[in-house]
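Asks: We have chain A; now place chains B and C onto it with these hints.
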Amino acid sequence: MNELARVVEALLFLSAEPVSLDRLADACESSEAEVIESLARLREHYAEGYRGVVLREVAGGFTLATDPVAEKAARRLLSRPRTPPLTPAQAECLAIVAYLQPVSRPEVARVRGVSSESAVGTLLERGLIEESGRSRFGAVLYRTTELFQKLFGLEALDALPDVSGFDPSPDEESRLRERLLKAGEARAQV
Amino acid sequence: MNELARVVEALLFLSAEPVSLDRLADACESSEAEVIESLARLREHYAEGYRGVVLREVAGGFTLATDPVAEKAARRLLSRPRTPPLTPAQAECLAIVAYLQPVSRPEVARVRGVSSESAVGTLLERGLIEESGRSRFGAVLYRTTELFQKLFGLEALDALPDVSGFDPSPDEESRLRERLLKAGEARAQV
Amino acid sequence: MSMPAPLELEMDLEVFQGPFDLLLTLVLREEVDLLEVQLADVVLAYIDHLERAGELDLEAATEFLVLIAALLELKSRLMLPGEQGEREGPEPGEAADELLARMLEYSRYKSAAAYLRSRLEQEGGFRYRAAPLPPPLRRVSVDLAEPVYDPALLGEAIGSLLRTPPRLELEHIARPQVSIEQRLSHLRSLLGRRSSFVFDEAVKGADRLTEAVTLFALLELYKAGEAEWEQPEAFGKITVRACGPSARAVEG
Chain A
1 MNELARVVEA LLFLSAEPVS LDRLADACES SEAEVIESLA RLREHYAEGY RGVVLREVAG
61 GFTLATDPVA EKAARRLLSR PRTPPLTPAQ AECLAIVAYL QPVSRPEVAR VRGVSSESAV
121 GTLLERGLIE ESGRSRFGAV LYRTTELFQK LFGLEALDAL PDVSGFDPSP DEESRLRERL
181 LKAGEARAQV
Chain B
1 MNELARVVEA LLFLSAEPVS LDRLADACES SEAEVIESLA RLREHYAEGY RGVVLREVAG
61 GFTLATDPVA EKAARRLLSR PRTPPLTPAQ AECLAIVAYL QPVSRPEVAR VRGVSSESAV
121 GTLLERGLIE ESGRSRFGAV LYRTTELFQK LFGLEALDAL PDVSGFDPSP DEESRLRERL
181 LKAGEARAQV
Chain C
1 MSMPAPLELE MDLEVFQGPF DLLLTLVLRE EVDLLEVQLA DVVLAYIDHL ERAGELDLEA
61 ATEFLVLIAA LLELKSRLML PGEQGEREGP EPGEAADELL ARMLEYSRYK SAAAYLRSRL
121 EQEGGFRYRA APLPPPLRRV SVDLAEPVYD PALLGEAIGS LLRTPPRLEL EHIARPQVSI
181 EQRLSHLRSL LGRRSSFVFD EAVKGADRLT EAVTLFALLE LYKAGEAEWE QPEAFGKITV
241 RACGPSARAV EG
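So the protein lines, in turn, are chains A, B and C. With the working numbering applied, the first sequence corresponds to residues 1 to 190, in that order. With the working numbering applied, the second sequence corresponds to residues 1 to 190, in that order. With the working numbering applied, the third sequence corresponds to residues 1 to 252, in that order.
Honestly, the hints are just simulated from the structure, not real lab data. Because the structure is a prediction, the values reported are computed rather than measured. The C-beta atom is built at its ideal place from N, Cα and C for all residues, glycine as well. A hint or two may mislead.
Unchecked claim - Label-pair restraints from in silico Cβ distances:
| id | chain 1 | residue 1 | chain 2 | residue 2 | range |
| --- | --- | --- | --- | --- | --- |
| 1 | C | Pro-135 | A | Asp-26 | 24 to 34 Å |
| 2 | A | Leu-124 | B | Gly-165 | 32 to 42 Å |
| 3 | C | Arg-52 | B | Leu-21 | 51 to 61 Å |
As the list claims (entries may be wrong) - Which bits of chain B does chain C cover? Going by a derived footprint, with three or more residues having C-beta under 8 Å, they are:
| id | region |
| --- | --- |
| 4 | 9 to 20 |
| 5 | 83 to 96 |
| 6 | 105 to 115 |
| 7 | 143 to 157 |
| 8 | 161 to 169 |
As the list claims (entries may be wrong) - Far from chain C by the CB rule (all over 12 Å, computed), these chain B residues:
| id | residue |
| --- | --- |
| 9 | Met-1 |
| 10 | Ser-30 |
| 11 | Leu-39 |
| 12 | Arg-41 |
| 13 | Gly-60 |
| 14 | Pro-102 |
| 15 | Glu-125 |
Okay, chain A solo, but in the shape it has when bound:
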């Protein structure tokens, strides 16, 4: 494979969308004829039936895609919920959403005493929480999902563990939400 073919291969690999001939030629600072020749070489490499990835020409240009041979394995790898251990930040955010839902992101941050963008983002991405409308101030509200219940083995939301078992001062009378917010404000000042 010559250098131009290598570069074209890399560009097709990186691009999520099909890339047209003229955009390839522009990026490679080569003529379209040269790119066409490189694509022919690549096509030999990516001949269908020999590789896990194939070169396709579709409307709008060229693209690399996986061969159907890998479909089942891909489903096993990627469609199964990802369940790496939760980081402490993620566990805190998830617990806040689970017990206070629906709850907004600023509230989560107030309870934790620290900005919680990335942890909340990861929980959304993994499908453990989802949006559930907006607060009267326009902030997005979050609640837990069905997947959350399955992954925690909870039959219903009211099957969450009783907080009083973990509460450092179980005699406190005010509501959980107020107490969490108060503790969070104190934490933010440390």
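Replies: Same frame as chain A, now just chains B and C:
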């Protein structure tokens, strides 16, 4: 290329994150030994210097990446640099977190001798570090992420060079000490 | 002995990553004699710089002062005449060791940082694919989900979030409630009763802040022509006397 190698290739192509050996074996319903053999075949195909795409082992797993030969063209096509470089302050904070993790922001500031809020904030935003629990005083602790390992091409955290290698040489150290005391000696001779 | 020429502090503070960076450079500069460095200038310039950079917080400033204090102490010890056996506290060698240890620690991570930056640059040519999954693979299947997480994790997280951090001990800097007005009326009532008194009586049992405010109130009375005082010797008794209309009324 046999079918297993083709499937492994497709999985690495699809997955946004490096995939560990055991997850590959699970998805392919094969033994780890078989997957290792397939990876060896793939490595031949993707030998560095011959293709536009290379097989890399980073962040505890396997992944495909473009060869640096394509970097200029990729920048033109995607019109964005891969990763913006780190400022010296960000690099210092990252080095401290990488070697002392888990570590709190006040500790980072202590080592640097200067408040490190904005640099730590940027590293968090860029996903190079993440929270990892709290110290017993409630301060958030930080550690590096998988993305850090990926972007720095590290197979695992312990692939970082031994930190003592960054200490000044005994010569430099004694020079520093001498300089600190030199004025005093000059004074004593008066 | 000729005076050493004042050292020009030609340093662009913008380029330093922190006080250690600055000190390392300062100490390692061949042409700089530590004795001649006006540390006060360094302190002021650095604090100034932090302030301009919008980075001046208490933590940073305190840390820098601690550092400079260590250097100052070292410097003052170096400047002492070389008498033996009369010094208290750490020997200059020890003071230097303390400072040296922290500079070395910093210098280690400064080099590690340089390594990371160059490593990132070397890696710059490897790009990873970040394309969304093909649509059929996008939906996570809830049916495939099995219980893997312990619900107690959530209870524990809430329990720890309910814990209020230990209160900072602020009592020693809590501000006593004392105002000029209060102390003015206190002094006026003393003067009204006795036409003269000793200042110590006016602040008997009071804390230092109250003492200071009372003294300030006294100055106010003097300015208004209501009182004058006398202190025959330094650190002696201060006798306060009423003057003006109210004083005459009492005398009359």
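Asks: Now tell me, hint by hint, if it's right for this structure.
Replies: Results for each hint:
no., hint, result
1, C/Pro-135 x A/Asp-26: 24 to 34 Å, "holds (29 Å)"
2, A/Leu-124 x B/Gly-165: 32 to 42 Å, "holds (41 Å)"
3, C/Arg-52 x B/Leu-21: 51 to 61 Å, "holds (52 Å)"
4, 9 to 20, "holds (count 3)"
5, 83 to 96, "holds (count 10)"
6, 105 to 115, "holds (count 8)"
7, 143 to 157, "holds (count 4)"
8, 161 to 169, "holds (count 6)"
9, Met-1, "holds (20 Å)"
10, Ser-30, "holds (19 Å)"
11, Leu-39, "holds (17 Å)"
12, Arg-41, "holds (20 Å)"
13, Gly-60, "holds (15 Å)"
14, Pro-102, "holds (16 Å)"
15, Glu-125, "holds (16 Å)"
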